[in-house]
Each structure stands twice: as C-alpha cells, then as structure tokens.
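Protein chains: 2
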Amino acid sequence: MELKVYVHRVSQPSRALLIFNKMNGIEFEEISIDLTKGQHKSPEFLEINPMGQVPAIVHVDFKLFESHAIYIYLASVYGVADHWYPSDLQKRAKVHSVLDWHHSNLRRGSVLYVLNTKLAPAFGLPLNPQAAAEGEKLLLCALNTIDTVWLTDSGPFLVGAEQPSVADLSLVCEIMQFEFLDEDDRSRILGPYKRVQKWIEDVKDATKSHFDEVHDTLYKFSAMLKQKQKPAGEKSEA
Amino acid sequence: MELKVYVHRVSQPSRALLIFNKMNGIEFEEISIDLTKGQHKSPEFLEINPMGQVPAIVHVDFKLFESHAIYIYLASVYGVADHWYPSDLQKRAKVHSVLDWHHSNLRRGSVLYVLNTKLAPAFGLPLNPQAAAEGEKLLLCALNTIDTVWLTDSGPFLVGAEQPSVADLSLVCEIMQFEFLDEDDRSRILGPYKRVQKWIEDVKDATKSHFDEVHDTLYKFSAMLKQKQKPAGEKSEA
Numbered sequence: 103m104e105l106k107v108y109v110h111r112v113s114q115p116s117r118a119l120l121i122f123n124k125m126n127g128i129e130f131e132e133i134s135i136d137l138t139k140g141q142h143k144s145p146e147f148l149e150i151n152p153m154g155q156v157p158a159i160v161h162v163d164f165k166l167f168e169s170h171a172i173y174i175y176l177a178s179v180y181g182v183a184d185h186w187y188p189s190d191l192q193k194r195a196k197v198h199s200v201l202d203w204h205h206s207n208l209r210r211g212s213v214l215y216v217l218n219t220k221l222a223p224a225f226g227l228p229l230n231p232q233a234a235a236e237g238e239k240l241l242l243c244a245l246n247t248i249d250t251v252w253l254t255d256s257g258p259f260l261v262g263a264e265q266p267s268v269a270d271l272s273l274v275c276e277i278m279q280f281e282f283l284d285e286d287d288r289s290r291i292l293g294p295y296k297r298v299q300k301w302i303e304d305v306k307d308a309t310k311s312h313f314d315e316v317h318d319t320l321y322k323f324s325a326m327l328k329q330k331q332k333p334a335g336e337k338s339e340a
Numbered sequence: 103m104e105l106k107v108y109v110h111r112v113s114q115p116s117r118a119l120l121i122f123n124k125m126n127g128i129e130f131e132e133i134s135i136d137l138t139k140g141q142h143k144s145p146e147f148l149e150i151n152p153m154g155q156v157p158a159i160v161h162v163d164f165k166l167f168e169s170h171a172i173y174i175y176l177a178s179v180y181g182v183a184d185h186w187y188p189s190d191l192q193k194r195a196k197v198h199s200v201l202d203w204h205h206s207n208l209r210r211g212s213v214l215y216v217l218n219t220k221l222a223p224a225f226g227l228p229l230n231p232q233a234a235a236e237g238e239k240l241l242l243c244a245l246n247t248i249d250t251v252w253l254t255d256s257g258p259f260l261v262g263a264e265q266p267s268v269a270d271l272s273l274v275c276e277i278m279q280f281e282f283l284d285e286d287d288r289s290r291i292l293g294p295y296k297r298v299q300k301w302i303e304d305v306k307d308a309t310k311s312h313f314d315e316v317h318d319t320l321y322k323f324s325a326m327l328k329q330k331q332k333p334a335g336e337k338s339e340a
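Protein chains in written order, with the numbering used here: chain A, 103 to 340; chain B, 103 to 340.
Next comes chain A alone, as it looks inside the complex:
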C-alpha cells in the first residue's frame, strides 16, 4: 500500500485522520501504535516520527507528522472534495486560521483538563488538580470562541461553511475526548454552548458512515476506565 498511517484510535488527531481518509475513499494501511504500551517511543516508530507522536504517515517514502500538515498534504495529493480544504484563497485562509488557533486554545485546554481529571493514570502519570483548573479555564474560553466566533449564521460548519472542512474534523475529534469525563461534568462543560452542541451533531451526521466506527475504540476504552475507577462495590463482574 503506497500510504501507511500510524495511529492510535484513542488519540483525537488519529481519529480525525482516519475519518478524513475514509470519507474521501483514500486507500491506506492502518498501523496501530498503542500509546498505553509506549509503542510511540519505540526505536522503529521514532524512525517514522522522531517526536514520538501519532498520527504520522509514510506516503511511498515520504514521512510526515503533525495532523494538520497531513490532512493538507493528503487533500492536495489525492484531490479530495473541495469543502475539506477549500481552493478559494479566503475560505482556505479561514480554515488555516481555525487550525492555527486550535493548537493553543481548544486542544491545549482539552488535553490539560481531560488528562488531569481522568486520563493520566492510564498513562502512568499522576492527576494534577492545578493543571486541570488551568485546562478548564482555557477549555471554557475556547468553547465560547467556537460558539461566538467560529460558528456563524452563514452555514452549520466552522467559519460559516455549508459542508465540513478538516478544521471541523480536527476540533470535533478533540471534543470527543470528553467521553472520558463523567456525564455530569461533560454536561456542565458543554451545557452552555448550544450552538457547539448542534455543530458536533452536524459533524457526526455529515461523517456518520465512519464516525462511530472510528470512535468505537474510544467508547470501549472510556467504558473500561470508568469501570476501573468505580468504587469496588459498584464494579460489574465482567
């Protein structure tokens, strides 16, 4: 296969890349790099991506990492439907603007919060309440920005588009990490942002042929962690 993608389906940009490829009929070989087993730090994988992060790709003999760079490269090489990465320069610029904003805002807030309230022990790390508080602040601010700046009345997707772009995929897959949170916590965080909630459903709907299948590992991993974290008397027999 000329395109190999190295992913872990628990990783949010990995899932976005898988959905992007499947939605666009891009053929690829999926190679699982299990983050919980430290496979991203193996000498073999560091040859593919010296940063030790997923996703990464090898296209024939061209190695690339950073998910946003990968979507853009594949969109150009495989000539996908225009809405994923618009050829119109102003529409494209707005997509870049969202993707660039994402790194230090939604992504940083979400990773800090989810890691430090729930996920850290699964990766052998301690929970850090101070980092969780910083993450929550960033996260709420980022959700407010999506609600009031990136979503507009012109269309259901980011920057007012009629159909989703790679930015919608990247951001919604990030928000799907909230699966790890307790339900009341998730409701508390997303509750005030009705427009964001509708947009998440619109992105799921627009990609429904692949969204749930790609997220199945996340749902199962999250259910397994929740079972582990229950007090002993509440655990099921499974």
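Derived by calculation from the structure, the hints in this document are not laboratory data.
Since the list can't tell identical chains apart, any single copy or any two copies may satisfy a pair.
Each computed DSBU-like pair below joins lysine-lysine, with the alpha-carbon atoms no more than 30 Å apart:
hint, residue 1, residue 2
1, 193, 124
2, 165, 239
3, 193, 165
4, 143, 296
5, 165, 296
6, 322, 310
7, 193, 143
8, 165, 300
9, 106, 124
10, 300, 322
11, 328, 310
12, 296, 239
13, 124, 165
14, 300, 124
Starting from the known structure of chain A, arrange chain B on it as the hints suggest.
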C-alpha cells in the same frame, strides 16, 4: 491602501509578518496596536480581530488573524518567491509540519520563559517562577528539536532548504524575544545549540535589508526595560 496590517513590533509574529511583506515588496499600511497600552483590547481592534491579538490584517474587506494563516494567504494572493511557501507538495507539507509543531513547542516554551523571567511586569502581570521553569524545559527541548530534526545537512534553512521559508521567519522572530533576557541567561540557553546559532545568523543575513530595522523597536524596548530593572545605583542618568 488595499492591505492594512495591525501589528506591534514588540510582538514576534508581528515582526515576522513585517519582514515577510518587506522582503517580498508587498505594499501595506502598518497600523501600530500598542500592547503595553492595551490597544489590542479596544472595541475598534476587536472588530478587526475578536481574539484581541496581533498581527491581524484587512485585505480590501477580508479580515484575517493567526500569523501563519496570514503568511500563507499573502504568499498565495501576492505570488511571492516560491521558497517562502513552496509549491512542491512535499516541501510545502514540511513547512506546514514545522509551523504546526511551533505552536505547542518553541512558541509555548519561549513565551512562558521570557514572560515569567522578565517581561510580565511590563504588561502589569506578576512573574511566575513555576511557569518559568516549565517554559525553560519546553524551550530547551524545542531548541534541541530544531538542532537535531528541523535543521539537516541538506541546506542552511529549516527542513534542509536552500532559502528561507515562512517557518524560518516565524521561529527566528520567536527566538529574538531572548533579547529581553540577561546576556548570560541567553548564552546559557542558546549555547549548546551551535547549529541553531548559525541558522539564526543565516536567517538574519538572508533578510538583512529589513531584519534590524523591524527589530529596532524590540532592541530599544528591551534596553529600556533592562535600565528600569537595574538596581538604583547602577542606573544611568538618562
């Protein structure tokens, strides 16, 4: 003027954008948004960029923010020399990869460290030694990555290019914030990275017709702060 750029020359991405425009003969009107006076939070500027950050542009009636998105938009609209934003898909993908990596690595480390060791009081904020320590760790790791991953033997600029791209401008202008540090601290941080030091000089040299002029405000602002921070007996009469 059809292109207005809103910048503050103390801001690293603002300077990168100014150098980019000047190097490429792009005509523009420079509108200064003084961060130390809070002009980035004025209602007038929030109409241009609701995030309240510089740089931002208005091209005819198209508003755009996030510096990387701006370079790419202007490179496409004005048709600049290919090396700034290569048309070759693999070279372009590598430039995107560096730009994406930058947000959570060099930029985050540099901002945390410089702000929390020196710059915070100028913006009415307290110094935070814990944040400075976190920033230093990130920063050293980022400089090591530039030294061992992004700089290669193929050429003097990032990802082995023969001539600079927007990624070189973005990263070097970030590192120029070290002007705010004490000289021994700057030497301690950059000292181990000989290849990075040479690359910084190569980028300055390749943009020398504009680099120092655009950085003049930074040099003066930094000298003024250092004078202020000296113990009373060491201050000059000026």
